[in-house]
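K.L.:
Under our numbering, think of the first position of the sequence shown as 787, with each following residue one higher.
Honestly, the hints are just simulated from the structure, not real lab data. C-beta: ideal position from N, C-alpha, C; glycine also. All clues stand as given, with none of them false.
Pair ranges (Cβ atoms, derived):
(1) V799 to R820: 17 to 25 Å
(2) R816 to M790: 14 to 22 Å
(3) A832 to M790: 26 to 34 Å
(4) P791 to A832: 25 to 33 Å
(5) E800 to V822: 17 to 25 Å
(6) G792 to A832: 29 to 37 Å
(7) G823 to A803: 12 to 20 Å
(8) E808 to M788: 23 to 31 Å
(9) E787 to F813: 13 to 21 Å
(10) A803 to G825: 17 to 25 Å
(11) G792 to A828: 13 to 21 Å
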Amino acid sequence: EMVMPGDNITMEVELIAPIAMEQGLRFAIREGGRTVGAGVVASIIA
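Throw the hints in and build the complete structure from the sequences for me.
P.N.:
This is the structure we're talking about:
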């Protein structure tokens, strides 16, 4: 699925390494040194 600037999506992510997170945490998705997305943790499911 392709997402364009201004779109809102919901996604479920499995991290490759453990990291402390909490609801409301802001995060960035980076690829090759470039920020390609950003978001907020809506809920913790596991």
